[in-house]
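Undergrad: Build out the structure end to end from the sequences listed, making use of the hints.
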Amino acid sequence: GDSVTQMEGPVTLSEEAFLTINCTYTATGYPSLFWYVQYPGEGLQLLLKATKADDKGSNKGFEATYRKETTSFHLEKGSVQVSDSAVYFCALKHTGNQFYFGTGTSLTVIP
Amino acid sequence: EAGVTQFPSHSVIEKGQTVTLRCDPISGHDNLYWYRRVMGKEIKFLLHFVKESKQDESGMPNNRFLAERTGGTYSTLKVQPAELEDSGVYFCASSLGLAGASNEQFFGPGTRLTVL
Numbered sequence: 001g002d003s004v005t006q007m008e009g010p011v012t013l014s015e016e017a018f019l020t021i022n023c024t025y026t027a028t029g030y031p032s033l034f035w036y037v038q039y040p041g042e043g044l045q046l047l048l049k050a051t052k053a054d055d056k057g058s059n060k061g062f063e064a065t066y067r068k069e070t071t072s073f074h075l076e077k078g079s080v081q082v083s084d085s086a087v088y089f090c091a092l093k094h095t096g097n098q099f100y101f102g103t104g105t106s107l108t109v110i111p
Numbered sequence: 001e002a003g004v005t006q007f008p009s010h011s012v013i014e015k016g017q018t019v020t021l022r023c024d025p026i027s028g029h030d031n032l033y034w035y036r037r038v039m040g041k042e043i044k045f046l047l048h049f050v051k052e053s054k055q056d057e058s059g060m061p062n063n064r065f066l067a068e069r070t071g072g073t074y075s076t077l078k079v080q081p082a083e084l085e086d087s088g089v090y091f092c093a094s095s096l097g098l099a100g101a102s103n104e105q106f107f108g109p110g111t112r113l114t115v116l
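Line by line, the protein sequences are chains U and P. Quick note, the first sequence lines up with residues 1 to 111 if you use our numbering. Quick note, the second sequence lines up with residues 1 to 116 if you use our numbering.
Read the hints as simulated data drawn from the structure, not as lab findings. Be careful, since some hints might not be right.
Claimed, not checked - Derived, one-sided and incomplete: chain P residues facing chain U with beta-carbon distance under 7 Å:
no. : residue
1   : E42
2   : F45
3   : H48
4   : K51
5   : Y74
6   : G97
7   : A101
8   : P109
Said to hold, decoys possible - Straight-line distance between alpha carbons at most 25 Å, and here's what the computed DSS-like set of lysine-lysine pairs gives:
no. : chain 1 : residue 1 : chain 2 : residue 2
9   : U       : K56       : U       : K68
10  : U       : K52       : U       : K77
11  : P       : K51       : P       : K15
12  : P       : K15       : U       : K52
13  : U       : K68       : P       : K44
14  : U       : K60       : U       : K77
What the hints assert, rightly or not - Some chain U residues close to chain P (C-beta under 10 Å, calculated; not the full set):
no. : residue
15  : G29
16  : S32
17  : L44
18  : Q45
19  : A50
20  : F62
21  : R67
22  : N97
23  : F99
24  : G104
25  : T108
Backbone N, C-alpha and C fix where the C-beta goes; we use that ideal spot for every residue, glycine too.
TA: Structure, rendered in structure tokens:
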């Protein structure tokens, strides 16, 4: 069945460091891929998405590229800020109603 | 415009008790979803309403869980009787159309349920 695997955290980085959070998926066909972010005390928010192979989703300095050949959708940011501290979830949606989420990766950025 | 709200934010109950969680979706959103995140695990889909009808309840873990959406507005999720493994964070989300690449789903802050 469909599933998402993302790197375990927690991840702690210094401000302005480079961020990569790995995400790989298992699905038949061509699912849509998403990154959600959950800031403390809030619900999940859509960060970015990609709907087909080689698409790049981007938002707030974050980027992720849909790689069909490696079934991956890694999240990257060139220079993190303290305000990026949050939990990040990779997700996919295929046919049907269901989203499939990863386990979440907690990021803490220290000044 | 108000976002998705959930009540309560936290609930601590003893095994065997009953708990009812409530979700108020964004006004006008016909699609409502329930998800659960058990500690350290992935967020899992529970069920999906379109207006007052259950479209997909394949993720409901067992018959101790009952979800309703009378009148197609707010929804409740009742757990009766609660077991230890029911502990986790229950998220609600809503969307205008079927959630996916074309229709964003908006999440509530979640209800943290602890069963002792």
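Undergrad: Does the interface hint hold: is H48(P) within less than 7 Å of chain U, judged Cβ to Cβ?
TA: Holds: closest Cβ of chain U sits about 5 Å from H48(P), inside 7 Å.
Undergrad: Would the hint on Y74(P) stand, with a C-beta cut-off of 7 Å toward chain U?
TA: violated, 16 Å
Undergrad: Would you check whether G104(U) satisfies its interface hint, that is, whether its CB is within less than 10 Å of any CB in chain P?
TA: holds, 7 Å
Undergrad: Under the criterion of a CB-CB separation shorter than 10 Å, is S32(U) in contact with chain P as hinted?
TA: holds, 4 Å
Undergrad: With chain U as the partner, please determine if F45(P) meets the hint condition of a C-beta pair closer than 7 Å.
TA: holds, 5 Å
Undergrad: With 10 Å as the cut and Cβ atoms as the points, is T108(U) at the interface with chain P?
TA: violated, 17 Å
Undergrad: Would you settle whether the hint for E42(P) is holds or violated, based on the nearest Cβ-Cβ distance to chain U being less than 7 Å?
TA: Since chain U brings a Cβ to about 5 Å from E42(P), closer than 7 Å, the hint holds.
Undergrad: Quickly compare the C-alpha distance for K51(P) and K15(P) to 25 Å and report which way the hint goes.
TA: With a Cα-Cα distance of about 32 Å, the restraint between K51(P) and K15(P) is violated, given a limit of 25 Å.
Undergrad: Is it true that the CA of K52(U) sits at most 25 Å from the CA of K77(U)?
TA: Answer holds: K52(U) to K77(U) is near 21 Å, not above 25 Å.
Undergrad: Take the C-alpha atoms of K60(U) and K77(U), compute the straight-line distance between them, and say whether it is at most 25 Å.
TA: The hint holds at about 9 Å.
Undergrad: Is the shortest C-beta separation between L44(U) and chain P less than 10 Å?
TA: The hint holds - L44(U) has a Cβ within 10 Å of chain P, the shortest such distance being about 4 Å.
Undergrad: Starting from K15(P), check that the Cα of K52(U) is at most 25 Å away, please.
TA: violated, 45 Å
In the structure shown, a violation is registered for the earlier hints numbered 4, 5, 6, 11, 12, 15, 20, 21 and 25, in ascending order.
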